[in-house]
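Protein chains in written order, with numbering that gives the first Met the number 0: chain A, 0 to 424; chain B, 0 to 424; chain C, 0 to 152; chain D, 0 to 152.
Bear in mind the hints are in silico, worked out from the structure with no lab data behind them. There may be inaccurate statements among the hints.
Claimed, not checked - When the alpha-carbon atoms are kept at most 30 Å apart in a straight line, the in silico DSS-like pairs for lysine-lysine are as follows:
| id | chain 1 | residue 1 | chain 2 | residue 2 |
| --- | --- | --- | --- | --- |
| 1 | C | K83 | C | K102 |
| 2 | D | K129 | D | K21 |
| 3 | B | K88 | C | K102 |
| 4 | C | K129 | B | K88 |
| 5 | D | K83 | D | K129 |
| 6 | A | K88 | D | K102 |
| 7 | D | K19 | D | K139 |
| 8 | D | K21 | D | K102 |
| 9 | D | K129 | A | K88 |
Since we're looking at a predicted model, the values are computed, not measured.
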Amino acid sequence: MPGRGAGPWAAEDAAYDVEAVRKDFPILERTLAGDHPLVYLDSANTSHKPRQVVEAIEQHYLQHNANVARAMHQLGAEASEAFELGRTKVAGFIGAPRREEVVFTKNASEALNLVARVLGDAGTVREGDEVVISEMEHHSNIVPWQLLTERTGATLRWFGVTDEGRLDLDDLDTLVTERTKVVSLTWVSNMLGTINPVERVIARAHEVGALVVIDGSQAVPQIPVDVSTLGADFVAFTGHKMVGPTGIGVLWGRYDLLASLPPFLGGGEMIETVTMERSTFAAPPHRFEAGTPPIAQSVGLGAAVDYLTTLGMENVAAHEQAITAYALERLQEVDGLTVVGPKEAVQRGGAISFTLDDVHPHDVAQLLDSRGVAVRAGHHCAKPAHQRFGVQSTTRASFYLYTTEAEVDALVDAIRHTQHYFGGR
Amino acid sequence: MPGRGAGPWAAEDAAYDVEAVRKDFPILERTLAGDHPLVYLDSANTSHKPRQVVEAIEQHYLQHNANVARAMHQLGAEASEAFELGRTKVAGFIGAPRREEVVFTKNASEALNLVARVLGDAGTVREGDEVVISEMEHHSNIVPWQLLTERTGATLRWFGVTDEGRLDLDDLDTLVTERTKVVSLTWVSNMLGTINPVERVIARAHEVGALVVIDGSQAVPQIPVDVSTLGADFVAFTGHKMVGPTGIGVLWGRYDLLASLPPFLGGGEMIETVTMERSTFAAPPHRFEAGTPPIAQSVGLGAAVDYLTTLGMENVAAHEQAITAYALERLQEVDGLTVVGPKEAVQRGGAISFTLDDVHPHDVAQLLDSRGVAVRAGHHCAKPAHQRFGVQSTTRASFYLYTTEAEVDALVDAIRHTQHYFGGR
Amino acid sequence: MADASQVDALYQEIILDHYKQKHGSGLRDPFESEVHHVNPTCGDEVTLRVHLDGGTVSDVSYDAVGCSISQASASVLNDLVVGKPVDDAFATLDAFQALMQGKGEVEPDEDVLEDGIAFAGVAQFPARVKCALLSWMAFKDATSQALTTQEDA
Amino acid sequence: MADASQVDALYQEIILDHYKQKHGSGLRDPFESEVHHVNPTCGDEVTLRVHLDGGTVSDVSYDAVGCSISQASASVLNDLVVGKPVDDAFATLDAFQALMQGKGEVEPDEDVLEDGIAFAGVAQFPARVKCALLSWMAFKDATSQALTTQEDA
Ligand SMILES: Cc1ncc(COP(=O)(O)O)c(C=O)c1O
Ligand SMILES: Cc1ncc(COP(=O)(O)O)c(C=O)c1O
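Take these sequences, add in the hints, and give me the full structure.
Laid out in structure tokens, this is it:
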């Protein structure tokens, strides 16, 4: 068997005890129909949750539940402290200079929409202005900008993608110009797996005075992130992809910038005062958190970043890198399999999309599933990227901190079985 | 002791075993500082969660977690089914003609903002048009309409409130006119406790062709609701106030209306197709649910409505009515205590706001808390209603399906203690 | 819920045959209506044309991109409705839809559905039901449009 | 965390006295700046004016609506800063703020804070810290504005 011990990644991986990690995830012990053990290779879609996260949520509901901010009683104080501690932990996890820079949303999509809406409402993006995104964006980082540019009469422009699946920066200087008001870019592609050189784009955007939004949905779960040195103006990400709960996302933004922007949703908690004539609004982050916030979800996300910190994000990243390298190697042994995206584990996250000659991705996923191997098939909310590569859909296997080489082997075996199934009858 | 067995409510209440209900809520067994048992009278702020709800969430995360809709593997099918079952249950609970009419949001505030935004984007509300709300609204049903009318140049008009704390409908016909495009009204006031005659307002609004939004945040938890006969166009409510989790709210809307409206947030799950030129959008409810939805929260909310249905919403309402009547009677025995809102338990929900001569509500709440009695003090996100009654803040006790008469007695004792504390030193 | 035997029930020989050799594939003239349907979950697409001759479906032509299930289903659709009265075609559609949405509890009628009974296994796979129905829904939509046009004319 | 003894620590005699008899309450002329601050959580409000005379705080006048803590704190503020050089007043403000935000771990200096040390108990009640700081933050804001005006003039 190739791989183990062969690549440069093996050394880093040695210290990381994936079997111990797996014990924290009871779902990984499940067997599925036909007695196949679950081989979960769909973590770019959503990650599983360790016991620690689920227990933190449970304890919160059963022992410390109350509404936050507005309650002055003891339970209210406990709940508020627990909720705001989640914010503090997230801020620490991404190196935010101030905890008030962490705005809780319902998911990454809301975070990206929030930025697009308020930049429109603030008049930052107007008719004739330009917004630049890339062909490899997730729909959640496309549609908000399409809607914004339609509403305002601004123009949406696109970075291309090279044949290898890398961001094409050849026309960086002609694409990002004085007319550009916002550049919004994914850090790690959920389809191609590419890790983009965001620093270069940020530098150019700031040269021309444009704001930079980074979609960190796939980055924050798998690589160490320090927003204090990144240089971006906003970073969006989502709890459920980083061993945290559903129902919570994060918008990080530079404090002074957040403080200069109008509110997004109106309601309880985001106001300073309300009169029948007009209302004034609270300072960030509360200005952007209308209504009862995701309280138990903040507690869960806090437990999630604790979990990741205990493992060490360097170790998580090294494991991701090692397992991706192993998978790229093993997958490319399969005849008729084409990886769509970078074929080497260099500047590459743990999502591998591929096509299989003569078998449609749905049929691949279905057959893999019949062997317990869970992958995703379709456009992965990245239709323009699929169009770029002339495919309507792909099959995607994606890895995370609990993925083993044995699972990659199971994937490869199941793919061969699939080829046989559709070819051999 | 007055009350028990004395009022007309006692009969209905007899069948309802509140002590058995309390056993489902472990938090109610807590003792607080100074060994005082918790007396939780802040349910209008947020309700507690029974074991059944928390366990459903836990089981989901640990055994069935996956992303929904886009996953074709077995876990994905389980998660999708569980998520959509939550929608089906909620639809059943409120009598929605179609399950597709239930849109999941992050809370009631988002639901109300969603309606306000898309009605603006759709051009339903334009310059010169009018939107009518009431002086007793929660900020979450005020600010979205202030922002909408500011953005569009429409005018915001207000129903008044009578001295008794009832909706003033004397000028219904002059307030709601051909110029009115939207009437948005709370069903049950979170401050005054008033249950509004929404049917009358709906009838008038429809006469002039206006849409009606009902803020059901306090109604759906405590009275049986049937949207199929209510006549409203939209109803908003929130999971955490109805023994459900935080991080989920509901917008119910008539299907044909929802189908005619543009999207709110853009992103994954809400699209039909995305190209670089333009995107088209999915049918309701998905059109309004961008990004990964509150999956585990839907499971939890489903368990919550199962719990309420098992108790029987008629019984819940009768208990609420009985306990409110008892509390109104007992509170009004206290010299120097003034109830702000209807003083009789007629068309009245279980929230009682009051002032105490010479003691500020914060100080009342603090003293009550020192005896384990949890109430809320402040403006309860209803500043205009407070202004209407010439008070800057009030103390509010609010009851729910687990509240006992003994807890009301503890409240009254603690209030007397407070008076003594601030008067007697 | 999806072990090897169920997968075999899903991918019946008949389905794979239709997939490899699609009946009536391609877009043809004449036609009264053309629709484009998408399965937003997975991106499967079909462009479908209907040509009516009085009360008869005289052609259904299509260009479909998608999985074996969606392609085979378009091929079977073509077999089952072309040359039939619109009413019969709609009855067949209803029967097919009932089978798909029956969660495995609906017994297919071979007299009505012919090769379509091979899709019985799909009903066990909620995520695939949409694949099987894609071209049928497109057919329903296109035919309704064509009928409206006829009436208007 | 909030039993009877802690509540007594919160509501010290001195605080209740200031609450009942506020020092320097009311809005007066002359003043260089006026601010209006609100505690969004609870709705407590203060309108506060500062009159500077060179480098000295010669008056702080205010109209406050709120709980005993917020009112007493405005009264103590008046005691502590009126007649003091701006720098000293700001140093007192820093000391008071440090005490409030010290979670009960900061030892108050009676020489600096005088009656203000009675607020030590507030630090144990996170929800009330904002009440105690409301008028102080308003004072900081108003004084900064007054200083800017002076510079501009
Ligand atoms: C009447 C009313 N409307 C709206 C809301 C807002 O609900 P949420 O905070 O869950 O958005 C509340 C509760 O705070 C309420 O009582
Ligand atoms: C790159 C990227 N951006 C945005 C999102 C949207 O995240 P969410 O669905 O949590 O809003 C995803 C995940 O689906 C993603 O992979």
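Checked hints:
1. C:K83 to C:K102: holds, 28 Å
2. D:K129 to D:K21: The hint holds at about 19 Å.
3. B:K88 to C:K102: holds, 19 Å
4. C:K129 to B:K88: Distance ~23 Å between K129 of chain C and K88 of chain B Cα, so the pair holds.
5. D:K83 to D:K129: Judged against 30 Å, a Cα distance of about 24 Å means the pair holds.
6. A:K88 to D:K102: Holds. K88 of chain A to K102 of chain D sits at ~19 Å (cutoff 30 Å).
7. D:K19 to D:K139: holds, 25 Å
8. D:K21 to D:K102: holds, 26 Å
9. D:K129 to A:K88: holds, 23 Å
When each numbered hint is compared with the structure, no violation occurs for any of them.
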